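> Spelled out, the chains give:
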Amino acid sequence: GQQVMQIPQYQHVQEGEDFTTYCNSSTTLSNIQWYKQRPGGHPVFLIQLVKSGEVKKQKRLTFQFGEAKKNSSLHITATQTTDVGTYFCGTNFGNEKLTFGTGTRLTIIP
Amino acid sequence: DTAVSQTPKYLVTQMGNDKSIKCEQNLGHDTMYWYKQDSKKFLKIMFSYNNKELIINETVPNRFSPKSPDKAHLNLHINSLELGDSAVYFCASSQGGRNYGYTFGSGTRLTVV
Numbered sequence: 001g002q003q004v005m006q007i008p009q010y011q012h013v014q015e016g017e018d019f020t021t022y023c024n025s026s027t028t029l030s031n032i033q034w035y036k037q038r039p040g041g042h043p044v045f046l047i048q049l050v051k052s053g054e055v056k057k058q059k060r061l062t063f064q065f066g067e068a069k070k071n072s073s074l075h076i077t078a079t080q081t082t083d084v085g086t087y088f089c090g091t092n093f094g095n096e097k098l099t100f101g102t103g104t105r106l107t108i109i110p
Numbered sequence: 111d112t113a114v115s116q117t118p119k120y121l122v123t124q125m126g127n128d129k130s131i132k133c134e135q136n137l138g139h140d141t142m143y144w145y146k147q148d149s150k151k152f153l154k155i156m157f158s159y160n161n162k163e164l165i166i167n168e169t170v171p172n173r174f175s176p177k178s179p180d181k182a183h184l185n186l187h188i189n190s191l192e193l194g195d196s197a198v199y200f201c202a203s204s205q206g207g208r209n210y211g212y213t214f215g216s217g218t219r220l221t222v223v
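Top line first, the protein sequences correspond to chains A and B. Heads up: the first sequence begins at 1 in the numbering used here, then just goes up one per residue. Heads up: the second sequence begins at 111 in the numbering used here, then just goes up one per residue.
Please note that the accuracy of each hint is not assured.
[As the list claims (entries may be wrong)] In silico SDA-like links for lysine to any residue, alpha-carbon gap of 20 Å or less:
hint: 1; chain 1: A; residue 1: LYS59; chain 2: A; residue 2: GLN80
hint: 2; chain 1: B; residue 1: LYS146; chain 2: A; residue 2: PHE45
hint: 3; chain 1: B; residue 1: LYS151; chain 2: A; residue 2: HIS12
hint: 4; chain 1: B; residue 1: LYS150; chain 2: A; residue 2: GLY40
hint: 5; chain 1: B; residue 1: LYS154; chain 2: A; residue 2: LEU46
hint: 6; chain 1: B; residue 1: LYS151; chain 2: A; residue 2: PRO8
[To be verified] Distance windows between CB atoms, simulated:
hint: 7; chain 1: B; residue 1: SER149; chain 2: A; residue 2: THR62; range: 42 to 48 Å
hint: 8; chain 1: B; residue 1: LYS151; chain 2: A; residue 2: LYS70; range: 19 to 25 Å
hint: 9; chain 1: B; residue 1: GLU163; chain 2: A; residue 2: ILE109; range: 47 to 53 Å
hint: 10; chain 1: A; residue 1: ASP18; chain 2: B; residue 2: ASP180; range: 30 to 36 Å
hint: 11; chain 1: A; residue 1: PRO8; chain 2: B; residue 2: GLU168; range: 25 to 31 Å
hint: 12; chain 1: B; residue 1: GLY206; chain 2: A; residue 2: ILE7; range: 38 to 44 Å
hint: 13; chain 1: B; residue 1: VAL170; chain 2: A; residue 2: GLY40; range: 23 to 29 Å
hint: 14; chain 1: B; residue 1: SER175; chain 2: A; residue 2: GLY53; range: 41 to 47 Å
hint: 15; chain 1: B; residue 1: GLU163; chain 2: A; residue 2: GLN58; range: 33 to 39 Å
hint: 16; chain 1: B; residue 1: ASP128; chain 2: A; residue 2: THR77; range: 46 to 52 Å
hint: 17; chain 1: A; residue 1: ILE7; chain 2: B; residue 2: GLU163; range: 33 to 39 Å
hint: 18; chain 1: B; residue 1: VAL170; chain 2: A; residue 2: MET5; range: 19 to 25 Å
hint: 19; chain 1: A; residue 1: THR27; chain 2: B; residue 2: GLY206; range: 18 to 24 Å
None of these hints come from the bench; they were simulated from the model. Everything numeric in this text was worked out from a predicted model, so none of it was measured. Every residue gets a Cβ at the ideal spot worked out from N, C-alpha and C, and that includes glycine.
When you get a sec, could you build the whole thing from the sequences and use the hints?
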């Protein structure tokens, strides 16, 4: 079936360093959503991107949708311990179900 | 006020038993979902209902049966539980369509022993 690849699977960073996770698809995406799941918690919706080349910011988080709408990235500037968790991208592939990427687990070294 | 609430939060049961998980949302959303998250954190959709009608039914063993008595409730019944059913099950809801984020419940951690 259709899938979206997410890299890296794990990322360990020193507090204050930047972090980026990427989602890639072989097909053009209608949309991309990003979620954050804290350890032991549930996924929480962060944002949706739908336009080619779209860039959105939420404080230290920057979300991008590629020009070809086949990839997306989430960049966190100057990570803090509260950023710990697993970040998932998700897309509808033009249908009614949201298919998630494999997630990137971020740990912060204080 | 909890937007999407699931019960129970934890469920430990023996192989072969039948169990149910309940989900309720007070957001007025039309669409509800069940997702399974395995030990590797993969999130996979199982079912989706739109206004009580089943619209997504992934390749899930027929031991799993969802029921939606109204658009605010979506329950999951599992028959003859197997060890491989151990996972975290998340209920979610959305406004429907492809342009809305999902609101997830806090999850039910099912352990089959």
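> Against each hint, give a clear statement of whether it holds in the structure.
Quick rundown of the hints versus the structure:
| no. | hint | result |
| --- | --- | --- |
| 1 | LYS59(A) to GLN80(A) | holds (12 Å) |
| 2 | LYS146(B) to PHE45(A) | holds (17 Å) |
| 3 | LYS151(B) to HIS12(A) | holds (17 Å) |
| 4 | LYS150(B) to GLY40(A) | holds (13 Å) |
| 5 | LYS154(B) to LEU46(A) | holds (19 Å) |
| 6 | LYS151(B) to PRO8(A) | holds (14 Å) |
| 7 | SER149(B) to THR62(A): 42 to 48 Å | violated (31 Å) |
| 8 | LYS151(B) to LYS70(A): 19 to 25 Å | holds (24 Å) |
| 9 | GLU163(B) to ILE109(A): 47 to 53 Å | holds (49 Å) |
| 10 | ASP18(A) to ASP180(B): 30 to 36 Å | violated (46 Å) |
| 11 | PRO8(A) to GLU168(B): 25 to 31 Å | holds (27 Å) |
| 12 | GLY206(B) to ILE7(A): 38 to 44 Å | violated (31 Å) |
| 13 | VAL170(B) to GLY40(A): 23 to 29 Å | holds (25 Å) |
| 14 | SER175(B) to GLY53(A): 41 to 47 Å | holds (44 Å) |
| 15 | GLU163(B) to GLN58(A): 33 to 39 Å | holds (35 Å) |
| 16 | ASP128(B) to THR77(A): 46 to 52 Å | holds (50 Å) |
| 17 | ILE7(A) to GLU163(B): 33 to 39 Å | holds (37 Å) |
| 18 | VAL170(B) to MET5(A): 19 to 25 Å | holds (23 Å) |
| 19 | THR27(A) to GLY206(B): 18 to 24 Å | holds (23 Å) |
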